[in-house]
Amino acid sequence: MTEQTKSDDDAWADELESLPIFIVSQLQVGHVITEDDRKAIGALLSELDALENQQVDEFDKGYQAALRHIGGEDLVTSVKLKDEERIAHYVRKAMDRMFPKQQRKIQ
Numbered sequence: 457m458t459e460q461t462k463s464d465d466d467a468w469a470d471e472l473e474s475l476p477i478f479i480v481s482q483l484q485v486g487h488v489i490t491e492d493d494r495k496a497i498g499a500l501l502s503e504l505d506a507l508e509n510q511q512v513d514e515f516d517k518g519y520q521a522a523l524r525h526i527g528g529e530d531l532v533t534s535v536k537l538k539d540e541e542r543i544a545h546y547v548r549k550a551m552d553r554m555f556p557k558q559q560r561k562i563q
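Under my numbering, read the sequence shown as residues 457 to 563, first letter to last.
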């Protein structure tokens, strides 16, 4: 192994060991939390919070797109307002559009 390769490996290992997830994963029972540990835990929690917020936003966009596809912007607005009567109205309209009454089978 050349000196340059070893140096690159050391730099990579140092970088890895400075990541909050690595620092937190190395904590063990009985370890006294240092200020650096506290910062690493805080950074990891911030990363997880940002990831969770991103996933919630993506879900919400998909949810609204599905509502919009079913009943248009009126249904989206009704759901945001939590107006059960308007929601029922726009869902009924969507059902009538998708399945006209003469095509519905009554069981």
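Don't take each hint at face value.
Cut-off 20 Å, straight-line C-alpha distance, at most; resulting in silico cross-link-like pairs (SDA-like, lysine to any residue) [claimed, not checked]:
(1) Lys-557 <-> Lys-536
(2) Lys-495 <-> Ile-479
(3) Lys-495 <-> Arg-524
(4) Lys-517 <-> Leu-507
(5) Lys-495 <-> Leu-475
(6) Lys-536 <-> Met-554
(7) Lys-538 <-> Lys-557
(8) Lys-517 <-> Asp-505
Source of the hints: derived by calculation from the structure; they are not laboratory data. Model, not experiment: these values are computed from the prediction.
Checking each numbered hint in turn, tell me which of them this model violates, lowest number first.
1, 3, 6 and 7
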